[in-house]
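Colleague: So the chains spell out like this:
There are 2 protein chains.
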Amino acid sequence: MARVYNFNAGPAVLPLEALQEAQAELIDFKGSGMSILECSHRGKEYDAVHAEAVDNFKKLLGLGDEHAVLFIAGGASLQFAMAPMNLLGSGQTADYVNSGAWALKAIKEAKTVGAVNVAADTGKEIPTRVPSAKELKLTPGAAYVHITSNETIAGAQWKTFPRTDAPLVADMSSDILSRPFDAKSFGLIYAGAQKNLGPSGIALVIVRKDLAERAPAKLPVILQYRTFIEENSLYNTPPTFSIYMMLLVSRWMLKTGPETLYKRNAEKAARIYAVIDAGGFYRGTAVKECRSDMNITFRLPSEALEEQFVKEASQQKMKGLKGHRSVGGIRASVYNAFPVEGVEALVAFMKDFEKKNG
Amino acid sequence: MARVYNFNAGPAVLPLEALQEAQAELIDFKGSGMSILECSHRGKEYDAVHAEAVDNFKKLLGLGDEHAVLFIAGGASLQFAMAPMNLLGSGQTADYVNSGAWALKAIKEAKTVGAVNVAADTGKEIPTRVPSAKELKLTPGAAYVHITSNETIAGAQWKTFPRTDAPLVADMSSDILSRPFDAKSFGLIYAGAQKNLGPSGIALVIVRKDLAERAPAKLPVILQYRTFIEENSLYNTPPTFSIYMMLLVSRWMLKTGPETLYKRNAEKAARIYAVIDAGGFYRGTAVKECRSDMNITFRLPSEALEEQFVKEASQQKMKGLKGHRSVGGIRASVYNAFPVEGVEALVAFMKDFEKKNG
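Chains as they are written, first to last, in the numbering used here: chain S, -14 to 343; chain A, -14 to 343.
The set of hints was computed from the structure by calculation and includes no laboratory data. A few of these clues could be false.
The list treats identical chains as one, so a pair stands whether inside a single copy or across any two.
Claimed, not checked - With a Cα cut of at most 30 angstroms, we get these calculated DSSO-like pairs of lysine-lysine: (1) 169 <-> 336; (2) 336 <-> 119; (3) 273 <-> 169; (4) 194 <-> 93; (5) 44 <-> 194; (6) 93 <-> 296; (7) 302 <-> 169.
Since the model is a prediction, treat every value here as computed from it, not as a measurement.
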């Protein structure tokens, strides 16, 4: 089996041992005589999966009883709507930070629900960056403050989260559980699973239970966080296989040790940024202080060279390095499950490519 | 490998060959060096999966260009909200038929969105049934008429769909593509995939494109059918693995031949109902004219016998026969992928159980 180095931004590389376990038991789950895909969501086999997945993410995020861990079908894009639908009361304003494409999507969706104040806007700046805490123009009495912890496309990341009076809400799709942070200090965190957590089509949602009570009574039941809290994400049939995959990934994280993973992530990113900074050939897309450890974005001297870079890397089994169609350039996504050897291969390739074309 | 006979109502039995194919290529999809779970939703590997899945369901449902085939994360429960959000304008009324637990959930959710007229109500009748077309008290100028083609819990099924002036909307979660029907005559069809189509956490949605234009401009983008139509269900990252599994199931359907499957389904159900009708021991839950070919519900002379029935069947590798917690009794769900041999085993067991306990 020839696994490639998969730099995709998401869906992205998963831990090989999680895939191997899923493969081994795909037709007969734990001797049940059926696939996990065929198990009832009310039966004992799936019950155990669900309960352990909730527990593992609670443990990994260091959460107590104040927050609920939810699994909601639909990715972060549905959360762009659900967050304001649940938390933004009529007559209230929500503060949003625009730091790039994903923040902007969240803002646009929130505006269909209620009043939005853009508290800072670095969305169009090149080099890309997130604002500093002191740049934020916050609304007194805001319903919440929304940030995008890591801009997957721009490659910019909040290194220190702002302290706000209003509850802090974060889209952490592309960097949740990739570094230590204080999850308990957030009002709401949501993350599409397809980067650091599992398959696409599901979001991990962490919500402070008291905030979920804000949802208007007329909101459809299936769009209320309250419903998911009360029914432990089993109000309707959840995406059982996706949660099972997230369980396998969470087990791998606990086994590897989150601190080990976090340290490894920082080192992986540092090695690539070191090549970018070594000469004038590569040019980082993001301001140094905001560089993402998950999505490393950079440009080459010309678009022709960028195209050649992607092509030659692909021939050497490094896939998915093309930057997002909206910004061009190169993007190396190196999530938790991305192996150190893949970073070593990229670093060697970058040096070689620079030597030949610089 | 000892596969059991899986009578689960959903998630439910899948075609063995679909599971085997998924298993074989779970770590290396078509020589790409990555899992289908890891492939980009914008890359050529997944593109081919997505396009073929759309085509196959269009073909299986006999649809032209008037309707769109959509994949939407979240199951039928999200569609209970999305249908009225998109199709029920302010000042309009939607007619809903209450035929049981699932119809009632759809009604409750629609009421959070707009005005609902319950056009007929057989929801609490025992034996269970769906109303006849002539019982419906429809609203002139209604936004649409909503039915539940098959009540999974009650075991009652529409055998002929009503003809209505307003667009007909159907929750077909538990019987879509299990029998011939004229999909083109519907305004909207939605179905949670976890019964006849694939894994849980995703819905197949068929919508007449002109109806999707009704959605109010202020509706969040991710909740508009329009968005999914315009972007071919790729506005955001779709549940790629789920769509891949649905592709494998659709291929199996096309290979087997839908007419063969439909005939087999009718025969499977008829064999079980024949045992129910043969003596006075078993008692069908639904009115004969409305009996579901997918979810065969029946009672035994006592709850103690029902419990014993489920237990002994389980010992003989027949799993998931316990009726839904809300109604009790026995439910044998025999979806497309449920094998004829499993029906033969159940029939033999039922006869034997009656002889011993009748």
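Colleague: Run every hint past the structure and note whether it holds.
Modeller: How the hints compare with the structure:
1. Taking the shortest Cα distances, residue 169 and residue 336 never come within 30 angstroms of each other, neither inside one copy (42 angstroms) nor across copies (59 angstroms).
2. With identical chains, the CA atoms of residue 336 and residue 119 are never at most 30 angstroms apart, being 38 angstroms at best within one copy and 77 angstroms at best between copies.
3. Proximity of residue 273 and residue 169 under a CA criterion of 30 angstroms is satisfied intra-copy only: 28 angstroms inside one chain copy versus 56 angstroms between copies.
4. Taking identical chains as interchangeable, the C-alpha atoms of residue 194 and residue 93 lie at most 30 angstroms apart whether they share a chain (26 angstroms) or sit on different chains (24 angstroms).
5. Proximity of residue 44 to residue 194 under the C-alpha cut-off of 30 angstroms is restricted to the intra-copy arrangement: shortest distance 17 angstroms within a copy versus 46 angstroms between copies.
6. Taking the shortest alpha-carbon separations for residue 93 and residue 296, neither the intra-copy value of 35 angstroms nor the inter-copy value of 54 angstroms comes in at or below 30 angstroms.
7. For the identical chains of this complex, residue 302 and residue 169 are neighbours neither inside a copy (40 angstroms) nor across copies (46 angstroms), given an alpha-carbon limit of 30 angstroms.
Of the numbered hints given earlier, the model fails hints 1, 2, 6, 7; all others are met.
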